[in-house]
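Novice: In case you want the letters, here they are:
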Amino acid sequence: MLASRIRAQRAYRGSFALDFLGSLLVGLTEFAEVWVVFHNVDVLGGLDFHAILLLFGLSNLAFSLADMVVGHVDTLPTYVRAGTLDAFYLRPQPVLAQLMTSELQLRRLARTGVAVVSLVAGLAYNDISWGLDTVLLLVVAIGCGAAIFAGLFVCAASLQFFLINGAEFTNAFTYGGSYAASQPTSIFPGPLKLVFGYLVPVAFTAYLPTLAILDLPGPAGLPGWLAWCTPLAALWVWAVALTMWRWGTRHYQGGGG
Amino acid sequence: MRSGLQTYGRLFVAGYRRQATYRLAMVAGLCTNVVFGFIRAAILFAAIDSAGGTLAGYTAGSISAYVWLSQGLIGAIQLNGLAEIGDRVRTGDVAIDFTRPLDIQTWHLAEDLGRAAYTFLPRGLPSVLVGALTFGLVMPTTVLPYALGLISIAIGVAISFYCRYAVNICGFWLLDTRGVRTLYMVASTFLAGLYVPVALFPSWLHTLAYATPFPSILQTPVDVISGKTVGLEAVALVAMQLGWLAATCLLGRALTNAGRRKLVVQGG
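So the sequences go chain by chain: C and B. Just so we're aligned, residue 1 is where the first sequence starts under this note's numbering, counting upward by one. Just so we're aligned, residue 1001 is where the second sequence starts under this note's numbering, counting upward by one.
Excised from the complex, chain C in its bound form (with noise of 0.2 angstroms):
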């Protein structure tokens, strides 16, 4: 099925390129954003200019991955409300597992390799202690971040069995998490960083293995070294997304679906 859609994806070749530019634009724009801000000044959140570059790669490297996987999961809203999820279900595979497979977005690979330019010269201008327990963090870092953000969108994706039209709440803790995570955490208020700390623990993601690499310390509750559990914070937001998918699954059937 993935396959399908992947040729279907190139085939239309003119709309590709044009899709692709904007999702290079987007991340561009973002990374601007970024490089404005230290035009004007030399350290953010404890964080200097070459630091960021890693911040930065790490969390949208791992948004984009999981954007790209499993971001088509926000199309089900629109399956809700025309009635036609009751096709997933006579399926053999998992209703979730069905909607993450049913399109592969190759655009957001633009706003990939945005991020991956970030990360290689954010690994590249640091003065980094290289061993294999950094590439082993990175690893972790990508690889449960990526799966943070994914936990994220299936949250999101099982409130829309509850809201009718609730796409754009959900916006503010999947967006506004990645946009979060671009930050280094000690920027926040003590509220919000606990928010994005351990609740919405997209810290986990980029701040924390960024304070790992570069051996800084880290804010008051925020060390370094819990860059180290990030897996944990990804089991947190799979533990809860997954519990949310069964009550809205539930919901839905309940509702005659």
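Any given hint could be a false lead.
Here are some, though not all, of the chain C residues that point toward chain B, as calculated from beta-carbon distances under 10 angstroms [said to hold, decoys possible]: (1) Glu33; (2) Val139; (3) Pro184; (4) Leu199.
Hints are computed from structural coordinates only; laboratory data are not their basis. Cβ coordinates follow ideal geometry from the N, Cα and C atoms, glycine included.
Dock chain B against the given chain C, drawing on the hints supplied.
Specialist: Leaving out everything else, chain B in the frame of chain C:
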């Protein structure tokens, strides 16, 4: 003439009423405004802190005002490149619109202004209130900034409409305006000063921004009403807005006439 004005007045009210039915979307929009406002405010506060208390003429209080006012205005100015005329052109219904006795551009403007006016109560003011209660912000204590600011906001909304109108009218020539609209959305949001204040841009980017109508859509109204620019400087900025208002309006009209001719030639 008087009945024309009355009709546009009714269209304004119609636009307002229609937007009023999207109550849930307004609340959702407010939630997003608030979350993004928190993050933006945190970033810029940290920047001001790093810079030692002032940055490009902003202090913590005034930059907070900028953040929350711009978040509040997002609903009204609608930088996403969408305009109803786009659908009308795509489906061909615009041919019917041309037969009506009203000027097509002005009538859509009236509706859009009504739509924008509705967003102030559920999205605009609450955003500023949340900002005031959480991060705190500094607003002017005299009447003039508010009076001039409201005029500036209205002009900004109109410029945004004329820009979106022009972008969507290109549907007469482009099969799918999605690419142009995405490009518009990205360029306009950044250059209007929604990500970072235009005052923070490097000088070459600052010049580039002011060579477009975008800062006049958001940055100028926010600067005027927050009191960042006062007196003659503020009046000059509003005058520049009026210039862009005329330019974008005329661009739209030129494109409409060209498109209309194309329609006639194609036997529409």
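Novice: Taking the hints in turn, state whether each one holds.
Specialist: Checked hints:
1. Checking Glu33 (chain C) against chain B by beta carbon gives a least distance of about 4 angstroms; that is within 10 angstroms, so the hint holds.
2. At its closest, the beta carbon of Val139 (chain C) sits 28 angstroms from a beta carbon of chain B; the interface hint therefore is violated under the 10 angstroms criterion.
3. Given hint, Pro184 (chain C) at the interface with chain B, holds; its Cβ is 8 angstroms from that chain's nearest Cβ, closer than 10 angstroms.
4. With its C-beta approaching chain B no nearer than about 13 angstroms, Leu199 (chain C) sits outside the 10 angstroms limit, and its interface hint is violated.
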